[in-house]
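Participant: Chain by chain, the residues:
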Amino acid sequence: MANARARDVKNSTLAADTRKIRLLLLAFATILLWLAFDLIFTDGFVLTPRNLTTLSVQMTVTCILAIGMTWLLIAREIDLSAGAVMALVIVVIYQLQVVHDVGTLITLIVALAVGVLLGLINGSIRVVLMVPSFVVTLAGFSWIRGTAFIVSEGQTHAGAKDSFYLISNSYLPPAFSIALIVLIGGYFSWKALRNTLAGQRKLPISRVLDWLQLLVVVGVTIGAAVVFYVYRGLPFPVLILLVVILATNWVSTSTTFGRHIYALGGNPLAARRVGISISLMTIGLFALMGAFTALAGVIQASLLDAGPPGIGQLLALNAISAAIIGGTSLFGGYGSIWGTVVGSLMMASIANCLSLAGVDTFFQMVATGLILIITIAVDSLVMNRGKGA
Amino acid sequence: MKPTTLATSRRDFLKIGGGAVAAATLGLPALAQGKTGRIGFAMSTFSVPRFKHLDLPFFEEAVRAAGMETVAVQANFDANQQLNDVDNLLAQGIDALAIIAVNAGAGKNMVRKALRDGVPVVAYNNAIPSSDLSAFVSRDNRGVGASAAKGADAAVGLEGNWVIASGQAGDAVADEMTAGYYDVLKPLIDAGKVNVVSHEFHDGWDPESARKQAENALSANNDNIRGFLCNDDGTAGGCIAALEQAGLAGKAFVSGQDATTVACRLIAEGKMTFSTFTRFDVMGRTAGELCAKLAKGEAINPPMTYSSGDVTVPLQPIEAFHVSRDNLVEYLDQYSPAYVDAETIFKDLPADSLPAGAEKFLK
Chain A
540 MANARARDVK
550 NSTLAADTRK
560 IRLLLLAFAT
570 ILLWLAFDLI
580 FTDGFVLTPR
590 NLTTLSVQMT
600 VTCILAIGMT
610 WLLIAREIDL
620 SAGAVMALVI
630 VVIYQLQVVH
640 DVGTLITLIV
650 ALAVGVLLGL
660 INGSIRVVLM
670 VPSFVVTLAG
680 FSWIRGTAFI
690 VSEGQTHAGA
700 KDSFYLISNS
710 YLPPAFSIAL
720 IVLIGGYFSW
730 KALRNTLAGQ
740 RKLPISRVLD
750 WLQLLVVVGV
760 TIGAAVVFYV
770 YRGLPFPVLI
780 LLVVILATNW
790 VSTSTTFGRH
800 IYALGGNPLA
810 ARRVGISISL
820 MTIGLFALMG
830 AFTALAGVIQ
840 ASLLDAGPPG
850 IGQLLALNAI
860 SAAIIGGTSL
870 FGGYGSIWGT
880 VVGSLMMASI
890 ANCLSLAGVD
900 TFFQMVATGL
910 ILIITIAVDS
920 LVMNRGKGA
Chain B
1177 MKPTTLATSR
1187 RDFLKIGGGA
1197 VAAATLGLPA
1207 LAQGKTGRIG
1217 FAMSTFSVPR
1227 FKHLDLPFFE
1237 EAVRAAGMET
1247 VAVQANFDAN
1257 QQLNDVDNLL
1267 AQGIDALAII
1277 AVNAGAGKNM
1287 VRKALRDGVP
1297 VVAYNNAIPS
1307 SDLSAFVSRD
1317 NRGVGASAAK
1327 GADAAVGLEG
1337 NWVIASGQAG
1347 DAVADEMTAG
1357 YYDVLKPLID
1367 AGKVNVVSHE
1377 FHDGWDPESA
1387 RKQAENALSA
1397 NNDNIRGFLC
1407 NDDGTAGGCI
1417 AALEQAGLAG
1427 KAFVSGQDAT
1437 TVACRLIAEG
1447 KMTFSTFTRF
1457 DVMGRTAGEL
1467 CAKLAKGEAI
1477 NPPMTYSSGD
1487 VTVPLQPIEA
1497 FHVSRDNLVE
1507 YLDQYSPAYV
1517 DAETIFKDLP
1527 ADSLPAGAEK
1537 FLK
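Chains as they are written, first to last, in the numbering used here: chain A, 540 to 928; chain B, 1177 to 1539.
Note that these hints are calculated values from the structure, not bench results.
Warning: the hint list may mix true and false statements.
[Unchecked claim] Beta-carbon label-pair distances, calculated as ranges:
id	chain 1	residue 1	chain 2	residue 2	range
1	A	Met904	B	Thr1212	29 to 39 Å
2	B	Gly1380	A	Ala652	26 to 36 Å
3	B	Pro1225	A	Leu856	27 to 37 Å
4	A	Leu856	B	Lys1427	30 to 40 Å
5	A	Gly642	B	Gly1380	55 to 65 Å
6	A	Ile570	B	Leu1291	32 to 42 Å
7	B	Asp1382	A	Trp682	18 to 28 Å
[Unchecked claim] Some chain B residues judged to face chain A by a derived CB distance under 10 Å, without partners named:
id	residue
8	Val1249
9	Asp1254
10	Thr1481
Beta carbons are placed, not taken as given, at the ideal position from N, Cα and C, and that holds for glycine.
Isolated chain A (complex conformation) (with noise of 0.2 Å):
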């Protein structure tokens, strides 16, 4: 009896330890692309303050959609319709800001309702018509960016309301910065600290892997109180991503929510005999998602200034490769919100990285698809190997 449970007691953990490698050496691979880049292929232009305050504004929109993707895709669902969503709700931002003259805060308002509405689509013709969510989102990459072309009149508007630039465009003072950086970072560091100096008995490697753990969360925080606070403060859509990720990481790990939308991908069986509602928590996701989108909608229509209806064609897929490289799985029941924002780190590194070094966009997408490849890959292999044994 005894022998047993310590069997599946280790059993568990090594689980557990296995994506703490994979999530370590994913963020580890970053820093070294980080380093090549830098040291070899550019003047050292990438780890300059400027630069990774850049990259860091770059991926907060497809890491936002990311994160929304990845609890769909834990629970089984998909959405191709993202890219889209977002250019109508950025195309509707436009209309009000620069057409009709509406005031920011109004227009963050619809912008929100707009996303959430077109995501309660989605999740009730999933849910009432039984269509696979694959299908439903692939009909709305058509009809969702058609509609952003009608509205629009296939016209980009530019030059929002001062208050609606300032959205993405402005920083939190340096002072600030470090301290909330400090504050967040410190926090995490210390339940790191205390969970490598806790008395449990431990497989050798759970430790080692407790000190490596403790090493990124100091040595990032550190960083980014560094680069921050240099160049010119926390950039304000990095501190909404910031929220985001803290606060669907909280709901992931700590809520009853966040367990059912675990329990929903891993066994959908199973999870509705336990008395979960599935089709309403797959509506509600999709909300959710439309949620997502239309903030990282808001962002990007700050960053950019204008609205065309064209934008974000591959965005969906994007999201989806950021999240899969993070280690979520595409069939559902796994998956971590910070596994999803390194890999979407990972992304954006690439694009910043090939295109400080004067490489064409091309390879950047050979470059993304590799990437995919090869993480999938030896995901699969690891997996095998397991079974196997």
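Using the hints, position chain B against chain A.
Facilitator: Below, chain B without anything else, positioned relative to chain A:
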């Protein structure tokens, strides 16, 4: 004993390595900025032949001649990618920036960002409605339109029934060029000498759409159309296809723009009268020179102005001329094989119909 020595040397190695990395990362950007000046060129695409073969090489050459280097990137027609490109170029410490705006409205914010870093901006080929521009380098589209109408007058005389096939509505080139036609035609229309029987804008500059317009115009006027003024070679080709079907190819006047390989062949066959070509190599060189001057802090003086939206920007116009049978060989001498393919143009044409001097391309 041995393990201890190994351990120490590994630690030392790490210390030295770490120190080198730190010094390198902190020191390199400073070193780089001490180098020659850099001009950024944020292009919309590398795929369109003229940008790759004419605009970019001549831009780079002009910048090199001024003792600086060019950093060129392309956005694959994606406005957000171009925004990232501009951010990344600015992060590399460029001294001047030329932008081929994927989206005119989105270009405004990019110009604003560059100016905040003290980097002057030149709009290239595509207008950006921003009052912060130092210059807009492009052909004078309205002038080109007027010159095409005048060329029509010289070729066949401006009277009778005419058809105008414009490009995409809202595209600066189409709007301006069409306005140029009317600058010349309006007094003649008022005097009753000229009758524009059909005028349409074609989304995406679609040649098939232009073909339908020409077909309908011919049907509605009993084939009695004196000429077709077209905003580009694609729409001109569509009109010629309709004329072929009616058996009138070569009998009506047709003009286009860009002097592509296909258009040059139609000119050699006598089906197109002329096509306006803008010297993209001169455009590249001029923009490169302007950017180099701006980077050095010198003043520039664009001779004209251009209205983009509700903003007036200083315009540096680039020469455009008509490519017709008379100067086709001369044009090909300069621009084949870089931009057009002379062999394809003259292939399989009857020897007695070749313009003088064309034989050398058929070796």
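Participant: Are the hints correct? Go through all of them and say.
Facilitator: Each hint tested on the structure:
Distance hint check: the CB atoms of Met904/A and Thr1212/B are about 32 Å apart, consistent with the given range 29 to 39 Å. At about 33 Å, the CB distance of Gly1380/B to Ala652/A agrees with the hint of 26 to 36 Å. Restraint check, Pro1225/B to Leu856/A: a C-beta distance of roughly 29 Å satisfies the suggested window 27 to 37 Å. Look at Leu856/A against Lys1427/B: about 52 Å separates their beta carbons, and that is not inside 30 to 40 Å.
The beta-carbon spacing between Gly642/A and Gly1380/B, approximately 36 Å, falls outside the hinted interval of 55 to 65 Å. Judged by the Cβ atoms, the range 32 to 42 Å given for Ile570/A and Leu1291/B holds: they are separated by roughly 34 Å. The hinted window of 18 to 28 Å between Asp1382/B and Trp682/A holds, with their beta carbons roughly 23 Å apart. Because the beta carbon of Val1249/B sits about 6 Å from the nearest beta carbon in chain A, less than 10 Å, this interface hint is met.
Interface hint at Asp1254/B: satisfied, since its Cβ lies 8 Å from the closest Cβ of chain A, which is below the 10 Å cut-off. Proximity of Thr1481/B to chain A is violated relative to the hint, the smallest CB-CB distance being about 21 Å (cut-off 10 Å).
The structure shown violates the earlier hints numbered 4, 5 and 10.
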